[in-house]
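Asks: One-letter residues, chain by chain:
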Amino acid sequence: MVASATGRPVVLIVEDEPLLRMLAVDIIEEAGFDTVEAAHADEAIEILNARSDIRIVFTDIHMPGSLDGMKLALAIRERWPPIELIMTSGQTTPGEADIPTRGRFLPKPYARHQLVAALNAFSL
Amino acid sequence: MREQRARVLAAQEAGRIGTFEAIIATGEFRCSDEMCRIFGLPEAAEYPASTFEKLIVPDDRSRSSNARTRGDGSASIFTEYRIRRANDGALRWLTRRGDYIRDEAGRIVTFTGTVHDITDRKLAELRQAGMIRLGDEVRDAGSVDGIVRSATRILGETLDLSRAGYARIDVAANVLVADVDWTAAGSPSGRGSHSLTGVAETIAELKRGLPLVVRDSAATEWLSLDLPDYAEYRIRAHVSIPFLAGGKLVGTLYAHSDVPRDWTVDEITFVRAVADRAYSAIARLESEERQRSLNAELSHRMKNTLSLVQAIATRTLRDVVDKTALDGFQDRIIALSKAHDVLLQQDWRSGRIRELVDAVLALHVEGMRLEASGPNILIGSRAVLSLSMLLHELATNAVKHGSLSSESGRVAINWKVDSASAHASLVLTWDETGGPPAVQPVKLGLGSRLIKAGLAGTGGSLVRYDSTGFKAEFRATLA
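Protein sequence lines correspond, in order, to chains A and B. Throughout the first sequence, residue numbering follows my numbering, covering 11 to 134 in sequence. Throughout the second sequence, residue numbering follows my numbering, covering 419 to 897 in sequence.
Take these hints with a grain of salt, some might be off.
With a straight-line Cα cutoff of 27 Å, these simulated DSS-like cross-link-like pairs (lysine-lysine) come out [what the hints assert, rightly or not]:
| # | chain 1 | residue 1 | chain 2 | residue 2 |
| --- | --- | --- | --- | --- |
| 1 | B | Lys818 | A | Lys118 |
| 2 | B | Lys741 | B | Lys818 |
| 3 | B | Lys870 | B | Lys741 |
| 4 | B | Lys741 | B | Lys666 |
| 5 | B | Lys741 | A | Lys118 |
| 6 | B | Lys889 | B | Lys834 |
Now the stretches of chain B that chain A is said to cover, found in silico as 3 or more residues with beta-carbon under 8 Å [as the list claims (entries may be wrong)]:
| # | stretch |
| --- | --- |
| 7 | 725–736 |
| 8 | 747–753 |
Hints were generated in silico from the structure; no laboratory data involved. Backbone N, C-alpha and C define an ideal beta-carbon position, used for all residues, glycine too.
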């Protein structure tokens, strides 16, 4: 298992809304993970290019910029196949076929226990 | 005698009644002037019978008479058929009454009768039937194309056109697009995208917002620049009704004829009526579509706001209250958000009870531990919101200290409409089994208050703390 200096697995949170990003950071860190934040997909790709310790990407689907969360997830599945994916949206519920392999979806707003359960379901 | 006959003839001509006499033995066919005029033939006292018979529309020839049926007496006395008039090819409806004149021996000598042009009445009936059909079809149409298909077919068939269609017009982009059109057999379709440049005069006229009536394009001076395009699509006469939105020309419904045509007031009125009906149906569809996308946007913003409320509360309160309280708050926000999901499906006015039960309880209960049954009725938006809160509290309690706190516990939720009393009411029961005995809570928290408030937030709840588990019955009038 690749882990950060603290020995905890690292989750990259991609969310354009700062408050929601903060909420996700709180929940995920409390659940025993380290977090890295990106405000949009392009920033997420930069981070993924720069570091190799990201184990899970938790991304909003609807985001401004050239890539939305769905395209970001598909790109990650292709370029970094081992990374696990959790997607969230208050707008659309993607069909089974649209979610990348091993990916999970949480409708917004999500409960703390739902996000924690989704994170812990991956065998890291 | 001669005077009397002249009077009869004058009366017939005034009534547009033609007379004829077929001499069986010789095959001669004598006709009145009015008879010739009805068939569009130069006036003559006599024509071969076939001259008239050939003008009858092939489909209708089995109903008209011929030399054989007149001779053997099998031609019907009274009939109705259509002709293509000889001089202008116009489709006309005729009724014909005939009588057999026999000799003493009973042999048929002549077949004599009258012909009446009933086209005006017939067309009025057809137009009326067309409007009724259009009304039915447009009411059921779910797309702009469907509306246009109905309107153009009814126009084309009713008015005997060469083509009918609807074109979307984008003046800024200098283009008109016809997605759907109706054409008579042998007429080319005008479907596709066309530049406005070739029909600039026509467009300038349509921009005025009034019906455009062209009886013969070749003889219409102001149209001369547009004629090459008219010729390419064989448009010799047309009636076009512009569709304006916010004062801007956005489309036109058109009725084309490939021959010059002296459109009657009734025909022009009919095209206008069809266009009015089609345009209002298109406007209705577009406004429904706008409403749908507004609803989706509203739902998205609502959920985003609820997510933000969650985040703000968590950030603000995490050092003040314990995590259980925060989680309880978050879960209630989520139940509220599920209620809005269900309301969105019915334009925010109401929601399906089954969908609400499934959405809210799915947050807490695995499907196999829940038995939910009842009619999937619509309930009002206020009831959807209060029921979502109620179900959430019931499920939370069941998970915390009720039947769902033990592995073998189950919940049955049932609802029905009770129409025994004056006002029909919804009765919903919650029945926990397989868990520990139910204990009445000491402190009355928000959860207990919500449960007490019942289905509509106005009471009507009955709770029992049984040794087999918690039971409750809720009742509220369906207003």
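Asks: Hey, B:Lys741 versus A:Lys118, does the alpha-carbon distance stay inside 27 Å?
Replies: holds (20 Å)
Asks: Holds or violated: are the alpha carbons of B:Lys870 and B:Lys741 at most 27 Å from each other?
Replies: holds (25 Å)
Asks: For the stretch 725–736 of chain B, do at least 3 residues have a Cβ located nearer than 8 Å to some Cβ of chain A?
Replies: holds (count 8)
Asks: Verify the proposed pairing of B:Lys741 with B:Lys818, using a straight-line Cα cut of 27 Å.
Replies: holds (15 Å)
Asks: Are B:Lys889 and B:Lys834 close enough, with their CA atoms no more than 27 Å apart?
Replies: Given that 27 Å is the threshold and the Cα spacing comes to 16 Å, the pair holds.
Asks: Counting residues of the stretch 747–753 of chain B with a beta carbon closer than 8 Å to any beta carbon of chain A, are there 3 or more?
Replies: It holds, with 4 qualifying residues against the three required.
Asks: Given the hint that B:Lys818 pairs with A:Lys118, does the C-alpha gap stay at or below 27 Å?
Replies: holds (24 Å)
Asks: Hey, B:Lys741 versus B:Lys666, does the alpha-carbon distance stay inside 27 Å?
Replies: Violated, because 59 Å separates the two Cα atoms, which is more than 27 Å.
In terms of the numbered hints stated before, the structure departs from hint 4 and from no other.
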